[in-house]
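Novice: Sequence:
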Amino acid sequence: MAFGMSGHLLPQVVAKQNNPTKRCCSTPNFAATYNVEQQESFWSKVLPLAVAVSLVAPLSSSAIPSLNSSKSSPLAPTTPFSQSKNMATGLEYGKIRPCPSVNPSCVSTNPQSSSSAFPLIISQNSTGNAIMQLQDAILKTQKNAKIQVIEDIPNGKYLQAEVDGGFGRDVLEFLVKGNSVAYRAMATKVTYIYPFTTAFGDSKGQEERMKNIAEELGWYAPSLDSMD
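Mapping the sequence shown onto numbering that gives the first Met the number 0, position 27 (from 1) lands on 26, and the numbers just tick up by one.
Some hints here could point you the wrong way.
Claimed, not checked - Derived DSS-like pairs: lysine-lysine, alpha-carbon spacing no greater than 27 angstroms straight-line:
| no. | residue 1 | residue 2 |
| --- | --- | --- |
| 1 | Lys145 | Lys203 |
| 2 | Lys203 | Lys94 |
| 3 | Lys176 | Lys145 |
None of these hints come from the bench; they were simulated from the model.
Kindly produce the complete structure, drawing on both the sequences and the hints.
Specialist: Okay, here's the thing in structure tokens:
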């Protein structure tokens with residue numbers, strides 16, 4: 000009878016000893032679940048902050064090239080031909096401009112010009128308005144002449160005209176101050192013969208044109224030949 004009770008109680012004792020084992024085994028699952036929930040909570044707070052920082056922070060200059068970057072595509076190289084397409088006219092600092100280095104069909108009284116000349120000298124016997132006399136002489140001696148500009152400047156007057164040239168239109172510019180007349184006569188079209196990069200032409204045609212205008216006016220046109 001005692002053995003029967005002992006045999007009946009033994010499983011209960013064993014069962015009680017098994018309960019702690021079950022609790023021990025279930026503890027890691029609870030810790031793992033807690034850790035996962037804690038990590039999810041952590042990343043749910045960190046990720047929005049990281050995204051916000053990435054949106055606010057400036058991008059690296061190496062990632063997206065700046066429009067003002069010095070490493071932008073270089074400008075096209077300047078050639079004599081491209082320079083001849085953009086030749087400035089008008090006074091420069093109140094003076095007649097020199098001839099462009101790329102334009103041989105030009106003469107100017109500016110001493111910095113490669114093809115330079117002396118200013119015209121108005122005759123002492125000349126009467127009337129010098130700028131109007133100059134305008135009349137241009138219209139009389141030049142083909143298809145058109146007066147483009149006549150304007151007052153400090154202590155003088157400026158006149159610009161267009162006339163027919165050898166390969167297009169030429170520009171004549173005059174600066175009248177007192178009895179001295181500075182000028183520039185220049186072809187607006189520069190001709191190049193392929194494959195050479197040297198422009199075709201010279202200043203003789205422009206020098207002859209200015210000589211004819213001076214003779215029509217009766218003004219003195221100094222030259223190196225006349226000083227010999």
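Novice: With reference to the structure, classify each hint as holding or not holding.
Specialist: Hint check results:
A hinted pair counts as satisfied when its Cα atoms are at most 27 angstroms apart, and lysine 145 with lysine 203 qualifies at roughly 22 angstroms. The straight-line distance between the Cα atoms of lysine 203 and lysine 94 is roughly 23 angstroms, inside the 27 angstroms bound, and the hint therefore holds. With a CA separation close to 22 angstroms, the supplied pair lysine 176 and lysine 145 stays within the 27 angstroms bound.
In the structure shown, no violation is registered for any of the earlier numbered hints.
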